[in-house]
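Each chain, letter by letter, is given below.
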Amino acid sequence: MDFYTFLWMTFAVFVTLATFSFLYKDNPFYKFAEHLVVGVSAGYFVIILWHNALVPNLFQKLADGDWYFIWLNSSQPWYIIPAILGVLMWTRFSKDYGWVSRWPMALYIGISTGIAIPLEMANRVNKQLYAMMADIDWSHFFGTNGFDLLDVNSGLSQVIIFVGAAAALIYFFFSKEHTGLFGKIATVGIWTLMIGFGASFGFTVMARISLFINRVQDVGDWSEAAWDSTNSNYGAGFQIVFWLMVAIVIGYIINELRQFTKTRSRAS
Amino acid sequence: MGIFDKLMKLDRRWVFLLLAVVCVWSYVVPFDIPIRTEPESEAIYSFIDSLPPGDIVFIAIDYDPNNLAELHPMTYAVVEHCWRKELKVIFTALSQNGPGMADQAIRDISDSLLVDKVYNGVEFKGREIIRGKDYCFLGYKPYYALIILGMGQDFRLPFPTDYYGTPLDSVEMMKGVINYDQVACVIDLSGGSITDAWISYGQGRFNFPLALGLTGVMTAQYYPYLGSGQIFGIMGGLLGAAQYEEMADNPGRAKEGMRVQLFAHLVIIFFIVVGNIGYFVTRYRQKKQKEVS
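From first to last, the protein sequence lines stand for chains A and B.
When the first sequence is numbered by the working numbering, its final residue is 268 and no position is left out of the sequence of numbers.
When the second sequence is numbered by the working numbering, its final residue is 1293 and no position is left out of the sequence of numbers.
Hints may be right or wrong, so weigh each one.
Heads up, simulated DSSO-like pairs for lysine-lysine below, C-alpha to C-alpha not over 30 Å straight-line [what the hints assert, rightly or not]:
#1 B:Lys-1006 - B:Lys-1287
#2 A:Lys-262 - B:Lys-1009
#3 B:Lys-1006 - A:Lys-262
#4 B:Lys-1006 - A:Lys-61
#5 A:Lys-25 - B:Lys-1133
#6 B:Lys-1287 - A:Lys-25
#7 A:Lys-31 - B:Lys-1009
#8 B:Lys-1133 - A:Lys-61
In short, the hints are calculated from the structure, not lab data.
All chains should be modelled from the sequences, with the hints used to inform the complete structure.
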């Protein structure tokens, strides 16, 4: 590993610790990390969009034309139309001509809706309905490979899915009061929803811990790199950067403790 | 103030600190925990393992660096498995901040293929992974739904060139590869709504075998697609990646992370139980006091 790679790794560790410092309280290090992420993401996206969309899809298509003919002499002059529609979007910044931006917007929404509705209905509504109403597999009611209550393909699971989905839909039916048998089915529906939310919550906890694990792994890699004497660049100042970083963190903690004791002595 | 009142007023920063200490400790202390594989991730492994050399797998690295922690281990495990099996891979990165990260990951995995390795008792000789021959990275284009639809017609429509600017007709492995009909399956590794587009506009429209690698937050809501047969497998979060690593006998960051998950979950469960006990005891006492007064 060369020195500059290590320097960037150190910076990544610094930004990681700066971000986690928010768990203690808001502070300038966290603000710096937050603004850096937003700025870098936006800047990176603009460049990616330029090189992957505008250049190949517009400028290169019109490249054989001349700007003083407004590219109308290119072999594919119709690419000017989406370009004009794109420019019209910017009229939103004008109070007087903002309404013009509705034209490209209407075209965009119209096309998107036309593409989306049939495919979304077919694949995310109809196919789910067919799956929910599949014939019950009585021959494998308690599991496809022997007794297994957790088998999602068993007949029992099919019954649970149907009853759960129907009950959850009834819970959201507000035109009839949730009393009597109807209310009891709605209660089954809310329980089904709660079990679903519980599963999502469990996965979410795992996801959040995973993010922390990744940061711990990166900090671990960084500290290993700093003390890896077999590395050919070991003497290039790795430890100086390491201790500089540690000094910043310790300095911050000492400063926080001093402020804490000051506030405490004032209060007493 | 009793112990339960103290518990109810415990500063949440103590919880964060304890969780951080436990995570770091379980990361530093080396030990293994058993990983139990599940049918939904086994289906993906078995599918790839059964493909003959030369078949093409389409892997969509559709996530940004903010989902890297969960999805990168999946990418590393699946792609290495594909290349060890001498499969060819087409990559896309349809999430706007992802292409640079995806390119780096592809290079890293290529490097790891240079050495000989033994997986599940089978020796795989190291070999050089050649761009254009073993893989083709198409890169990023905006409006993923239209890109997914366009690739169903011809990969060259949305991607006349690959990520590095080589025209697709000049890429060796893309000769005769027109659209999804020539790929064995699509594996979408995603941390956002691109997955919905792969289901509706991709699998639903062109009917190819689709498997998903998802972040933990998303996983539960995509299980219905497994039941309906629209997808043939799911890897959910770091656990899904760890299961794949376990099956491929290629331990990586996900398996390493599972022991941290174990102890972190124990701490969280402990605080949930203690918090609930504190809540119910406090409520009971308040009720008693009301009755007395």
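Verification of the supplied hints:
{"no.": "1", "hint": "B:Lys-1006 - B:Lys-1287", "in the structure": "18 Å, holds"}
{"no.": "2", "hint": "A:Lys-262 - B:Lys-1009", "in the structure": "24 Å, holds"}
{"no.": "3", "hint": "B:Lys-1006 - A:Lys-262", "in the structure": "25 Å, holds"}
{"no.": "4", "hint": "B:Lys-1006 - A:Lys-61", "in the structure": "69 Å, violated"}
{"no.": "5", "hint": "A:Lys-25 - B:Lys-1133", "in the structure": "52 Å, violated"}
{"no.": "6", "hint": "B:Lys-1287 - A:Lys-25", "in the structure": "36 Å, violated"}
{"no.": "7", "hint": "A:Lys-31 - B:Lys-1009", "in the structure": "28 Å, holds"}
{"no.": "8", "hint": "B:Lys-1133 - A:Lys-61", "in the structure": "29 Å, holds"}
Going down the numbered hints, you'll see the structure goes against 4, 5, 6, while the others check out.
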